[in-house]
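**Student:** What follows is the residue order along each chain.
There are 2 protein chains.
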Amino acid sequence: MALKKKPVKGMNDRLPEEMEIRDYVIGLIKETYKSFGFSSIETPCVEHLENLLSKQGGDNEKLIFKILKRGEKLKIDEAKEEGDLTDGGLRYDLTVPLSRYYANHANELPSPFKALQMGNVWRADNPQRGRFRQFMQCDIDILGEPSNLAEIELILATTCLLGKLDFKNFTIRINDRRFLKAMAAYSGFQEKDYEKVFIILDKMDKIGLDGVASELEECGYAKESVEKYLQLFKEIKNDVEGVRWCKEKLQGFLEDEAADSLEMIITSVEHAKEAEFTIRFDPTLVRGMSYYTGTIFEIAMDEFGGSVGGGGRYDKMIGKFTGQDTPAVGFSIGFERIVMLLSERGYEVPSKREKKAFLLEKSLPKESVLKVLEMAKKEREDGKQVMLVKQKKNKKFQKEQLKEQGYTDIIEVYADSNFD
Amino acid sequence: MALKKKPVKGMNDRLPEEMEIRDYVIGLIKETYKSFGFSSIETPCVEHLENLLSKQGGDNEKLIFKILKRGEKLKIDEAKEEGDLTDGGLRYDLTVPLSRYYANHANELPSPFKALQMGNVWRADNPQRGRFRQFMQCDIDILGEPSNLAEIELILATTCLLGKLDFKNFTIRINDRRFLKAMAAYSGFQEKDYEKVFIILDKMDKIGLDGVASELEECGYAKESVEKYLQLFKEIKNDVEGVRWCKEKLQGFLEDEAADSLEMIITSVEHAKEAEFTIRFDPTLVRGMSYYTGTIFEIAMDEFGGSVGGGGRYDKMIGKFTGQDTPAVGFSIGFERIVMLLSERGYEVPSKREKKAFLLEKSLPKESVLKVLEMAKKEREDGKQVMLVKQKKNKKFQKEQLKEQGYTDIIEVYADSNFD
Chain A
1 MALKKKPVKG MNDRLPEEME IRDYVIGLIK ETYKSFGFSS IETPCVEHLE NLLSKQGGDN
61 EKLIFKILKR GEKLKIDEAK EEGDLTDGGL RYDLTVPLSR YYANHANELP SPFKALQMGN
121 VWRADNPQRG RFRQFMQCDI DILGEPSNLA EIELILATTC LLGKLDFKNF TIRINDRRFL
181 KAMAAYSGFQ EKDYEKVFII LDKMDKIGLD GVASELEECG YAKESVEKYL QLFKEIKNDV
241 EGVRWCKEKL QGFLEDEAAD SLEMIITSVE HAKEAEFTIR FDPTLVRGMS YYTGTIFEIA
301 MDEFGGSVGG GGRYDKMIGK FTGQDTPAVG FSIGFERIVM LLSERGYEVP SKREKKAFLL
361 EKSLPKESVL KVLEMAKKER EDGKQVMLVK QKKNKKFQKE QLKEQGYTDI IEVYADSNFD
Chain B
1 MALKKKPVKG MNDRLPEEME IRDYVIGLIK ETYKSFGFSS IETPCVEHLE NLLSKQGGDN
61 EKLIFKILKR GEKLKIDEAK EEGDLTDGGL RYDLTVPLSR YYANHANELP SPFKALQMGN
121 VWRADNPQRG RFRQFMQCDI DILGEPSNLA EIELILATTC LLGKLDFKNF TIRINDRRFL
181 KAMAAYSGFQ EKDYEKVFII LDKMDKIGLD GVASELEECG YAKESVEKYL QLFKEIKNDV
241 EGVRWCKEKL QGFLEDEAAD SLEMIITSVE HAKEAEFTIR FDPTLVRGMS YYTGTIFEIA
301 MDEFGGSVGG GGRYDKMIGK FTGQDTPAVG FSIGFERIVM LLSERGYEVP SKREKKAFLL
361 EKSLPKESVL KVLEMAKKER EDGKQVMLVK QKKNKKFQKE QLKEQGYTDI IEVYADSNFD
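The listed protein sequences correspond, in order, to chains A and B. Counted from 1, the first sequence has number 164 at position 164 by the working numbering; the numbering is strictly sequential. Counted from 1, the second sequence has number 149 at position 149 by the working numbering; the numbering is strictly sequential.
Just chain A, with the same shape it has in the complex (with noise of 0.2 angstroms):
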């Protein structure tokens, strides 16, 4: 009667060790945020398929694992499709989740609303190095504040976090949807067509200006506005000089409105910053979620050779839960990616508490055990760790496996000892 001991595709076990990095990195968002005046929620992980399946998740919705209706018996050989057997779903991301959660429960939260969500998700990928089938995702949105203190706070707070874990000369890329916009009228693209220059555009690492240049004319697109455009990247700065360089030149395509804000939410986190990063201007930012309205943003770290996480705002989307948009911005931290950045470079977690052992004799008469209970307790008061352990026939490999788990206080036990 043997049962399968491996986990299911492209799913986990977690060893200790790397528990200890992600209970401790998991304690260490929810502290720092919380200084912020973020507040933990949770949503379940099932949520209805007609939520999941309603345009927001992008490609995620075809990697959704579908659940079977529970309550009468299910007709199997009636069934013609997928609909007719499944209600349910595990979610894909916690950005839908959160959506309906707030469409839930806004009376009953206050506004702005600053919210940290931790959990599971799952997408049916092909399990690859760095993905997984269920990995934890960690949002933090800000949501009811229009202006750009929410955009200011988010990065402050996620920067923050980041120095604490000893991450050190990453950038902030940052741009807004607005600019890409601008930039692209101006250069006489068509607004239909914005979309699609913009997923060429975000090829611009890989390719540089000459691939976006010939992939645009590949399209169809005119030459004057394809010249016209890779003007715009040559000249523009990656400060705040570059937006103020942008607020002139596109004049009239461009509201001032968002070239200031811009200006200012750079200029706050550079003066405010808890962390040694970089915030730099990014016109080439593009992010892929097409419902990003303003602001977008993402951490790049040269260590991953890629982002660790990202956002921005997406002022329409609540609206479709609720019919009545409200103003929300959002981080998400690729907390995988974190945690197996630190185990790589060896993060031991700063630990609190000294580990002692106490390495029993087999048949310790009761007086003796009662003797070891006490003074286990007793150094638990004073703040240690410790572990109670029988000793073994090898014993010497045994203490050689708990200096190894970090007791290096290791104390013998025997019916004659004598710790008066």
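Zero decoy hints are in this set.
Derived pair list, reagent style DSBU-like, types lysine-lysine, alpha-carbon separation capped at 35 angstroms:
| id | chain 1 | residue 1 | chain 2 | residue 2 |
| --- | --- | --- | --- | --- |
| 1 | A | Lys378 | B | Lys384 |
| 2 | B | Lys5 | A | Lys30 |
| 3 | B | Lys273 | A | Lys30 |
| 4 | A | Lys69 | B | Lys62 |
| 5 | A | Lys384 | B | Lys273 |
| 6 | A | Lys355 | A | Lys395 |
| 7 | A | Lys366 | B | Lys164 |
Chain B stretches covered by chain A per the calculated footprint, using a threshold of three residues with CB under 8 angstroms from any CB of chain A:
| id | region |
| --- | --- |
| 8 | 19-26 |
| 9 | 53-66 |
| 10 | 72-82 |
| 11 | 120-127 |
| 12 | 145-159 |
| 13 | 269-280 |
No wet-lab data here; the hints were simulated from the structure. Virtual Cβ for every residue (Gly too), placed ideally from N, Cα, C.
Go by the hints and put chain B onto chain A.
**Tutor:** Same frame as chain A, now just chain B:
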């Protein structure tokens, strides 16, 4: 395009106040068991259906949320039964995943292995007060320790946790499956009838001695056996005296070792306990799951009018996965019940941070915003929780809301405010 606002049936959104308690209790659980040398582990929420259906789960196996297979397109119209369409399901407890986990990783784990697993489980139960379709379980297990040191530490750690949550005057009921069997054998019941007898005995709390007697007789068991059986319960004291009395009385039916071990567990717990509670030998304690092989225990809490946790020794279960018997003792804490009890009695999480709010005038000039950001940073560095919010029209209401959230120190900030 309005979407469904309510969560799926029987599963809950968690509001910030509830989450504050949950997060606190989770942190305390991890901290407390860690101080006893337990390690956190995690298993996927999705488990192989064949593992879930391996008859370890009792009635829970009827309550599984099954998940549609992924991969090739499903041929719904050709499917005859659920097994044609599903290969995974949401776990209904943490015991099956723990057994699989240990089978998969025993070589990488210390022995004995002291594991703490917290995570959601799902059961398609009919929702009612205190019973949900998604809920958090918290299991603590010691694998690979045959001696009663495992039972002693599990009970000490768990009661220490409850003490830290200000629970008092609860009772640990303790018994041993071997006592149950010995008492039945002594009274003349046949081995094949034990489980049926125990199911009736388990009702003692509700129907009393006489009720148990008449139900046993109704089932057709010999009057003599029933009387002999019940006489035992009348005579047994609920302490170590009772255990010793059984050792004498049940000679030939009960191994001495079982009685000595139970006596030692009770004595040790009384000696080294770190909370105010009673440990009581309770020969009527049955616990449903038939996989228990030795000690069984339960936390009885009058406040709740029932059990908030329990467990026991199950030396045969791991072997079903591994083919090799592994001694095991586990405790499952009723996390949701504990959180409910705390909420109902208005439990306030011990807050370490003072809370301070800055209420910013709506169009505060940039220089002032920078100044406030700087002050907030300093306050956070001093250990405070700092909230920045823009002033709203109804400032009075806004301040009341902040006070309700615990922001006792509220500073209004205007362009002409002087903070130097």
